[in-house]
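In our numbering, the protein residues as written are 1 to 93.
Keep in mind that the hints were calculated from the coordinates and are not lab data.
Treat the numbers as computed from the prediction; the structure is a model and nothing was measured.
Every residue, glycine too, gets a C-beta built ideally from N, C-alpha and C.
Any given hint might turn out to be false.
Distance windows between CB atoms, simulated [claimed, not checked]:
{"no.": "1", "residue 1": "N59", "residue 2": "A80", "range": "27 to 33 Å"}
{"no.": "2", "residue 1": "D9", "residue 2": "N47", "range": "21 to 27 Å"}
{"no.": "3", "residue 1": "E24", "residue 2": "D49", "range": "16 to 22 Å"}
{"no.": "4", "residue 1": "K3", "residue 2": "Q62", "range": "25 to 31 Å"}
{"no.": "5", "residue 1": "N85", "residue 2": "S42", "range": "14 to 20 Å"}
{"no.": "6", "residue 1": "K46", "residue 2": "T92", "range": "31 to 37 Å"}
{"no.": "7", "residue 1": "V6", "residue 2": "K89", "range": "24 to 30 Å"}
{"no.": "8", "residue 1": "E4", "residue 2": "S25", "range": "29 to 35 Å"}
{"no.": "9", "residue 1": "V6", "residue 2": "T92", "range": "27 to 33 Å"}
{"no.": "10", "residue 1": "G13", "residue 2": "Q62", "range": "18 to 24 Å"}
Below, in silico cross-link-like pairs of lysine to any residue (SDA-like), each with a Cα-Cα straight-line distance of 20 Å or less [said to hold, decoys possible]:
{"no.": "11", "residue 1": "K5", "residue 2": "Q41"}
{"no.": "12", "residue 1": "K60", "residue 2": "K46"}
{"no.": "13", "residue 1": "K46", "residue 2": "I78"}
{"no.": "14", "residue 1": "K67", "residue 2": "T92"}
{"no.": "15", "residue 1": "K61", "residue 2": "W40"}
{"no.": "16", "residue 1": "K46", "residue 2": "V6"}
{"no.": "17", "residue 1": "K61", "residue 2": "A80"}
{"no.": "18", "residue 1": "K3", "residue 2": "Y91"}
{"no.": "19", "residue 1": "K61", "residue 2": "A14"}
{"no.": "20", "residue 1": "K46", "residue 2": "D75"}
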Amino acid sequence: MIKEKVFIDRLVGAINTCIRLINESDKSDVVGKGIIDNEWQSYINKNDDSFVAILTILNKKQAVEFKVHEWLRVDVNIHANDKLNALIKSYTR
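With these hints in hand, go ahead and build the complete structure from the sequences.
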């Protein structure tokens, strides 16, 4: 349980960094609030232990699911995660 908390904290940090990078890249919004809301929710799916982040992207809720092998590992960071990199590529200029 404690081990999982460490990995969840790392993933939450990576998601927050991803959000910050995307929002700061939005040149039309000086404050950096235009693409993804800073407030988001998450839960662990009891069926398969995946981590689900519910993000509000361009005012629409979107679930981003991270399978166990994507979040329960030592190298959980923004650079090692394909889904976070895809978000960055999709929403940065």
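Against the structure, the hints come out as follows:
Judged by the Cβ atoms, the range 27 to 33 Å given for N59 and A80 holds: they are separated by roughly 29 Å. Distance hint check for D9 and N47: the Cβ-Cβ separation is about 23 Å, which falls inside the suggested range of 21 to 27 Å. Between E24 and D49 the Cβ separation comes to about 32 Å, which falls outside the hinted range of 16 to 22 Å. For K3 and Q62, the hinted distance range of 25 to 31 Å is satisfied, since their beta carbons lie about 28 Å from each other.
In this structure, N85 and S42 meet the distance hint of 14 to 20 Å, their C-beta atoms being roughly 19 Å apart. The beta-carbon spacing between K46 and T92, approximately 34 Å, falls within the hinted interval of 31 to 37 Å. Judged by the Cβ atoms, the range 24 to 30 Å given for V6 and K89 holds: they are separated by roughly 28 Å. Range check, E4 to S25: about 32 Å between beta-carbon atoms, so the 29 to 35 Å window is met.
For V6 and T92, the Cβ-Cβ distance of about 29 Å falls inside the hinted range of 27 to 33 Å, so the restraint holds. G13 and Q62 have their C-beta atoms about 20 Å apart, which keeps the hinted 18 to 24 Å range intact. For the hint linking K5 to Q41, the alpha-carbon distance of about 16 Å falls within 20 Å, and the restraint holds. Simply put, K60 and K46 have alpha-carbon atoms about 25 Å apart, too far for the 20 Å limit, and the pair is violated.
Between K46 and I78, the direct Cα distance comes to roughly 24 Å. Violation of the 20 Å bound is thereby established for this hinted pair. Taking the CA atoms of K67 and T92, the gap is near 24 Å; set against the 20 Å cutoff, the hint is violated. Using a Cα cut-off of 20 Å, the hinted pair K61 and W40 holds, with the two alpha carbons roughly 9 Å apart. A hinted pair counts as satisfied when its Cα atoms are at most 20 Å apart, and K46 with V6 qualifies at roughly 18 Å.
Distance check on the hinted pair: K61 and A80 sit about 24 Å apart at the alpha-carbon level, beyond 20 Å; violated. Between K3 and Y91 the alpha-carbon distance is near 32 Å, which puts this suggested pair outside the 20 Å criterion. At most 20 Å may separate the alpha-carbon atoms for a hinted pair to count; K61 and A14 meet this at roughly 19 Å. The straight-line distance between the Cα atoms of K46 and D75 is roughly 23 Å, outside the 20 Å bound, and the hint therefore fails.
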